[in-house]
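Numbers in this note's numbering are just positions in the sequence shown, counted from 1, shifted up by 226.
Some hints could be false.
What the hints assert, rightly or not - The calculated lysine-lysine pairs, modelled on DSBU-like cross-linking and capped at a C-alpha distance of 30 Å, are: (1) Lys283 / Lys312; (2) Lys283 / Lys357; (3) Lys357 / Lys312; (4) Lys283 / Lys236; (5) Lys357 / Lys236.
Unchecked claim - With beta-carbon atoms standing in for the labels, derived distance ranges: (6) Val381 / Asn329: 12 to 22 Å; (7) Lys357 / Thr318: 15 to 25 Å; (8) Ile347 / Gln323: 32 to 42 Å; (9) Leu258 / Gln296: 31 to 41 Å; (10) Glu254 / Ala325: 28 to 38 Å; (11) Ile347 / Arg263: 36 to 46 Å; (12) Tyr321 / Lys357: 14 to 24 Å; (13) Cys360 / Asp247: 23 to 33 Å; (14) Ser324 / Gln241: 12 to 22 Å; (15) Tyr269 / Cys360: 17 to 27 Å; (16) Ser297 / Glu244: 16 to 26 Å; (17) His315 / Lys357: 15 to 25 Å; (18) Tyr269 / Asp247: 32 to 42 Å.
It is worth saying that the hints were derived from the structure and are not from the lab.
Think of the CB as a built atom: it goes at the ideal place given N, C-alpha and C, for glycine as much as any other residue.
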Amino acid sequence: MPSSSINRFKRLGPQLWELGDGGYLFIEDTVLELIGRYRQHAYSAPEAGGFLAGFYKGLDLHVVNLTVPQSRDRRSRFRFNRLDPKHVHQVTEWYEQSAGEINCLGEWHTHPESSPTPSGIDINGWQLFNKSRCGQRAIFIIAGTENTWTGELQVSL
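Work the whole structure out from these sequences, hints included.
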């Protein structure tokens with residue numbers, strides 16, 4: 227039976243993380259700024275989330291865009307459910323416009339805490355997400371009110 231472990235990436239700079247296997251993750255400033263706008267600073271602010279889009283280059287990943295909450299998503303203070311098909315449609319459009327270079331690299335969402343850590347709900351969702359990846363690496367971001375958790379869920383057989 228496969229087991230899962232969480233691998234948090236080491237932050238090297240404002241836009242750069244070490245993946246732990248010789249690869250690096252680079253996230254465009256525009257993506258980080260947009261995620262920052264959804265941080266739950268207000269007590270009434272609901273969680274937000276979406277897909278991360280970009281490309282693979284060898285062991286490296288480069289995030290160039292993201293989807294943001296849509297009207298059919300379910301949002302509350304402690305939960306975000308990505309239900310709106312516009313997320314998939316947007317990533318499909320980027321994929322087609324880039325001749326297959328830009329693809330879905332993972333997911334992002336917010337937590338209403340200063341230094342977020344993955345919850346059991348997060349891990350279960352990531353396991354489902356990874357099942358659809360056909361062996362492609364997936365990354366996950368959780369933006370807290372002050373800090374950001376960035377990593378992956380590794381499955382070992």
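Comparing the hints with the structure gives:
Our distance criterion of 30 Å between C-alpha atoms is met by lysine 283 and lysine 312, whose separation comes to about 27 Å. With a CA separation close to 22 Å, the supplied pair lysine 283 and lysine 357 stays within the 30 Å bound. This hinted pair checks out: lysine 357 and lysine 312 have alpha carbons roughly 21 Å apart, not beyond 30 Å. Distance hint between lysine 283 and lysine 236 is fulfilled; the C-alpha atoms sit about 19 Å from each other, no more than 30 Å.
For the given pair, lysine 357 sits about 25 Å from lysine 236 by alpha-carbon distance, which is consistent with the 30 Å threshold. Against the hinted window of 12 to 22 Å, the Cβ-Cβ separation of valine 381 and asparagine 329 comes to about 20 Å, which satisfies the hint. For lysine 357 and threonine 318, the Cβ-Cβ distance of about 19 Å falls inside the hinted range of 15 to 25 Å, so the restraint holds. For isoleucine 347 paired with glutamine 323, a C-beta distance near 33 Å keeps the hint of 32 to 42 Å intact.
Restraint check, leucine 258 to glutamine 296: a C-beta distance of roughly 20 Å breaks the suggested window 31 to 41 Å. Between glutamate 254 and alanine 325, the C-beta spacing of about 20 Å breaks the proposed range 28 to 38 Å. The hinted window of 36 to 46 Å between isoleucine 347 and arginine 263 is violated, with their beta carbons roughly 23 Å apart. Restraint check, tyrosine 321 to lysine 357: a C-beta distance of roughly 20 Å satisfies the suggested window 14 to 24 Å.
Hint check: cysteine 360 to aspartate 247, Cβ distance near 19 Å, so the stated range 23 to 33 Å is violated. Range check, serine 324 to glutamine 241: Cβ separation about 20 Å, and the 12 to 22 Å hint holds. For the pair tyrosine 269 and cysteine 360, the beta carbons lie near 41 Å from each other, so the given range of 17 to 27 Å is not met. Between serine 297 and glutamate 244 the Cβ separation comes to about 37 Å, which falls outside the hinted range of 16 to 26 Å.
Hint check: histidine 315 to lysine 357, Cβ distance near 21 Å, so the stated range 15 to 25 Å holds. Taking the beta carbon of each, tyrosine 269 and aspartate 247 are about 40 Å apart, inside 32 to 42 Å as hinted.
Checked against the numbered hints given earlier, this structure breaks hints 9, 10, 11, 13, 15 and 16; the rest are met.
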